[in-house]
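I would like the entire structure built from these sequences, with the hints used as guidance.
Protein chains: 4
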Amino acid sequence: MKVGIVGATGYGGVELYRILSNHPYVEECILYSSSEMDVPYIHSFPHLTDLSSHILNNIDVDEIKNNVKVLFLATPPGVSRTLSPQFIGSDVKIIDLSGDLRLKNKSEYEKWYKRECVAEDVLEKAVYGLSELNKADITKADLLANPGCFPTATILGLAPVVREKRIHEQSIIVDAKTGVSGAGRNASQATHFSEVNENVKIYKVHEHQHVPEIEQALHALNDAVSYISFSTHLIPMTRGIMSTIYASLTDTYTTEKLLDLYKEFYADSPFVRIRKQNEFPSTKEVYGSNFCDIGIKIDERTNRVTIVSVIDNLMKGAAGQAVQNFNLMNGFDETTGLFHAPIYP
Amino acid sequence: MKVGIVGATGYGGVELYRILSNHPYVEECILYSSSEMDVPYIHSFPHLTDLSSHILNNIDVDEIKNNVKVLFLATPPGVSRTLSPQFIGSDVKIIDLSGDLRLKNKSEYEKWYKRECVAEDVLEKAVYGLSELNKADITKADLLANPGCFPTATILGLAPVVREKRIHEQSIIVDAKTGVSGAGRNASQATHFSEVNENVKIYKVHEHQHVPEIEQALHALNDAVSYISFSTHLIPMTRGIMSTIYASLTDTYTTEKLLDLYKEFYADSPFVRIRKQNEFPSTKEVYGSNFCDIGIKIDERTNRVTIVSVIDNLMKGAAGQAVQNFNLMNGFDETTGLFHAPIYP
Amino acid sequence: MKVGIVGATGYGGVELYRILSNHPYVEECILYSSSEMDVPYIHSFPHLTDLSSHILNNIDVDEIKNNVKVLFLATPPGVSRTLSPQFIGSDVKIIDLSGDLRLKNKSEYEKWYKRECVAEDVLEKAVYGLSELNKADITKADLLANPGCFPTATILGLAPVVREKRIHEQSIIVDAKTGVSGAGRNASQATHFSEVNENVKIYKVHEHQHVPEIEQALHALNDAVSYISFSTHLIPMTRGIMSTIYASLTDTYTTEKLLDLYKEFYADSPFVRIRKQNEFPSTKEVYGSNFCDIGIKIDERTNRVTIVSVIDNLMKGAAGQAVQNFNLMNGFDETTGLFHAPIYP
Amino acid sequence: MKVGIVGATGYGGVELYRILSNHPYVEECILYSSSEMDVPYIHSFPHLTDLSSHILNNIDVDEIKNNVKVLFLATPPGVSRTLSPQFIGSDVKIIDLSGDLRLKNKSEYEKWYKRECVAEDVLEKAVYGLSELNKADITKADLLANPGCFPTATILGLAPVVREKRIHEQSIIVDAKTGVSGAGRNASQATHFSEVNENVKIYKVHEHQHVPEIEQALHALNDAVSYISFSTHLIPMTRGIMSTIYASLTDTYTTEKLLDLYKEFYADSPFVRIRKQNEFPSTKEVYGSNFCDIGIKIDERTNRVTIVSVIDNLMKGAAGQAVQNFNLMNGFDETTGLFHAPIYP
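Protein sequences, first through last, are from chains A, U, F and L. With this note's numbering, letter number 211 in the first sequence gets 205, and the count goes up by one each step, no holes. With this note's numbering, letter number 290 in the second sequence gets 284, and the count goes up by one each step, no holes. With this note's numbering, letter number 246 in the third sequence gets 240, and the count goes up by one each step, no holes. With this note's numbering, letter number 276 in the fourth sequence gets 270, and the count goes up by one each step, no holes.
Please keep in mind that the hints were generated in silico from the structure rather than gathered at the bench. Backbone N, C-alpha and C define an ideal beta-carbon position, used for all residues, glycine too. One should not assume that every hint holds.
[Stated by the list, open to error] Under the rule of at most 30 Å between Cα atoms (straight-line distance), these lysine-lysine pairs were calculated in the DSBU-like manner:
(1) Lys87(A) to Lys159(A)
(2) Lys105(L) to Lys270(F)
(3) Lys251(F) to Lys105(L)
(4) Lys129(U) to Lys198(A)
(5) Lys251(F) to Lys270(L)
(6) Lys63(A) to Lys134(A)
(7) Lys257(L) to Lys159(F)
[Said to hold, decoys possible] Cβ pair distances, simulated, as ranges:
(8) Lys198(U) to Glu273(L): 33 to 41 Å
(9) Met31(A) to Asn272(F): 35 to 43 Å
(10) Tyr247(U) to Pro71(A): 46 to 54 Å
(11) Lys257(F) to Pro71(A): 40 to 48 Å
(12) Ser29(F) to Asp56(U): 40 to 48 Å
(13) Glu201(U) to Asp131(F): 52 to 60 Å
(14) Gln164(A) to Lys159(U): 20 to 28 Å
See the structure below:
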């Protein structure tokens, strides 16, 4: 099968390339870029010397329709809005890693993203691709909205207790920490080494565009969920996201029983690993892999639970989950080409 | 004035030395260590080459009583318990940077620290040294319990809204992030570079010994406070603590009005800097200084407030605040020898 | 094929495990440790949760002889000296990642390693496993001395110009930089995060035990080589080695011609990548992979050449090359299970 | 005394501000910027909240002449070329931190900097400000060319053995490592956290503009010096430079004797610290300070010496040395406002 990657010069794009170029069912990756063309890919990424003879191609919709079966969009916000609709009705399945197709409510998109949304009929066709929660729909999808990095870690961390009503729906507070690669490859003062190193910084306080995405997904599991508190912190590392989640319990439970609930909930989810009692995952323990690791513990003093959910933001938080969805959409085992151990240390 | 530092070979000790050796009212620092003696201090800290000809001395209580006016204890838990009582009634004022004297409730100490507590009559004499909140008592103290790093950032971040009952007392959730130097200079796998670098790790979940210290101080401001949720994360940097604090508001307020409250509350506190609306401090912005910077913002959707409080854990979180208290205890201006700008970047 | 790993709880051991557990010709990895036994491997490495049900076994020579075909020793210096000889004459092939078997001259070992050397008849049997330079002997080896991390980067960087006498043999100066994981997993003040972060440190000046290993290998290529200058610097990163090499040219050459020489020299070496003119590799460009990337440039002003050679110290500098040698020793293609792209960023 | 800083929004500028705003003889710092004007300085640097009420001013030569006695130029290359000449003959002394005035040979400047040079008569007036080597001229200077960061570390490391002919002049090889802050505050892909973190990169191989500056200064000490080999590596830290220097000895010496030579050479230089035998400085040991620390050791096997010289690139490598020269130019003790201990860790 031939697949295409639009936005191949970004971090999400090159991570897709790393996975797909070793995927047993992918015959070829064709690379597209709006910023460069007819240039060897290794000019952008010399770490692929001797491994890639690919050239960056201009984005030509007709050519893509003739050549690829699945097109990955690893593009900044706004690109998918104009590009995706052109493939509706064609034979090309779209997997969009941007946020353009994730929110079902058009005005929510415009409020949080501060840009124009795609047409509603396109939104209706888009399937939200949190692989573990939406497998049936993903299997049949032609247009897939791949989840954001923070939503992936956060929703997976919360899904069992939200659906099973173990926590008060209005008590959810998420404190997220992320590495810098989530901000993409373009240089800015916010990602300047000398500003990020030896520093922690909170950003987009109460305004992060991933808030409505998380709320929408939790609401789908339990319609009593409305608003959550959510914050994001930039920390001095390249990869990794940790969501530390706090919520009030609806009754008296034990950590052991909650862990059992999580294990059962994710029994058929090979990429979700529930840690044993008194053990919490760190981001390094999923580095370079598609795993989401979860640890939980009840605080009897406050009757709250602390949930820690970690992913590699470029893998399960972007390219890895996109390939997991690609597998599901094409009838492959969902772990195909993805089931690697984390790199440690 | 001659002062002594016990535990001079640790990070807290050497930071005390850095400040005190430039303090205008300190004639000499005498250094004590239980692990080394009769060894030049620069063997432990070659960055002091040409700056220090000090020798590490054995801890001899009588000699100390004869030679120093103020003794700083920058020692691991348990040392102060046996050492401090020996100076009660002497002319030597004690400033203890460890946690041994901070909790007024002996059984709380034994529960959280998992070691024997000092005698209650000693605890009674100890004054809790959060400089901004307890100035009157500190001024008269002979035995001072210098606050912990997390408590300093957290209590300063919460004090105005707790005392003025702007938040529900049972809704406080604190997500703290710290650099590695807080763990001290002794090597352990938890502080091994290859384990900490490119990683975030939660630790001591619901069991951190700073929890009762924070609760005790908040309770003193508002006796409706009982239990808080508090977690600590190790992030890949050397210095700095950020406490991100979430709490539910008791009424409808504006961020602007809350900022006014903070500015008024800290009007006489030169080391607390309240950031302007829509600006949050990062830890690097207090690096190497004694400042505590605070940013706040209300989330109208959830009617919660997010408070961010940052310090340099070795300065305002340890040695800096100890010298601030030293100044207060001796009638000096509290900023003496301490009012330096942060180092940036 | 069943293989064994002694020293599985170290960084070299777990990297071997990562590669070998995905190797198509390895049926099972049996893990041995002198420090732990009958303990699940995931206690040491929770990042392997759900991926490993292995138990750490005591080191029992007879049991090993009965169960494994190839035994990897990822052990501190001194262990192989006593362990390896016990397998001579058995069916078990040994791949020793420590330095115990690398030096042919026993007194050199004792001088640089400051410990007793293995018997000379064992040394004679050991084949030095720099895969690219010694392929014929490796193919037939039963006892393999896997090269050190610095020697691998340095020797590969120098081999073409040394063998072809393009540089003055007495002019070689190597300035090496390494990440911290090369120091192993045991905690020490030298690897304490707060000491390493935001720091560069030179160490073992003129005394590094890899000096005689490099000299021995270069001497084998060109017996006019005797002594080199070699230094090592610890820099704040986890993985990666860069050897920056300076040498005086024996005649007037062009960078282009030297690059041609390198390309020809390494034409059959899939893991050595010669960079194009005016391009130099960085360590991140080989992260997590078995590649050695080399860039070179002549300075006409001084008629010296600057050679930059980078590897991932745990891969091509340890476990990766060990598996490459394992492949060669067993008649597999040398890239089997190893030919992955670097992880970037 | 009133002083001015042009380029106050850069890292060099803000470090000057940190020092000068605590300098006992500086009454006021006036800040100038070409990129911003009439904007509070704390907008650029919120870490100065409550510490600075300064406004950024437009660069107006007449106003500057009326208001300041000394003007520091912390500007990118090319600015000083047009700005400095306008102050010749005025009462304003210029301290230029850029490279525009350092090279005495105009065509060398144009070759290495690839831009037009200032007029030769201006170059003639400029005094090269390596404080330790050129004190007499600095004392009388009106136009001072403050040295580059790499030249400062390198020249101080080499001066004693070059002047005293202990090394072969054509054998000098310098391998330099730098933190990222030397590249300035402007964002670029080269300083992007995700590209720099967990990476070492060599750059400007054989083409760094500091090469002729080093050669010019060494030639002034010993006219047999012509060309050196010099390379620069970017490592993942914010501050600090290490020059590791290799050279062949002209005779048989001992490390002890060479150390004596260094101590004598720098006997009147309070900011140069010669380390004792078998001790080498790391960059962290000068962090935030104006010290240059030097360690040396002879390798008897090769009869070469290894010299390690470290500085904080923003202090002794830029702003610190500029203030040291300011002190000398104004008849103050050279340590005034500068003699602080490094911050550790």
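Review point. Checked against the structure, which of the hints given earlier come out wrong?
Key: 1, 4, 5, 7, 9, 10
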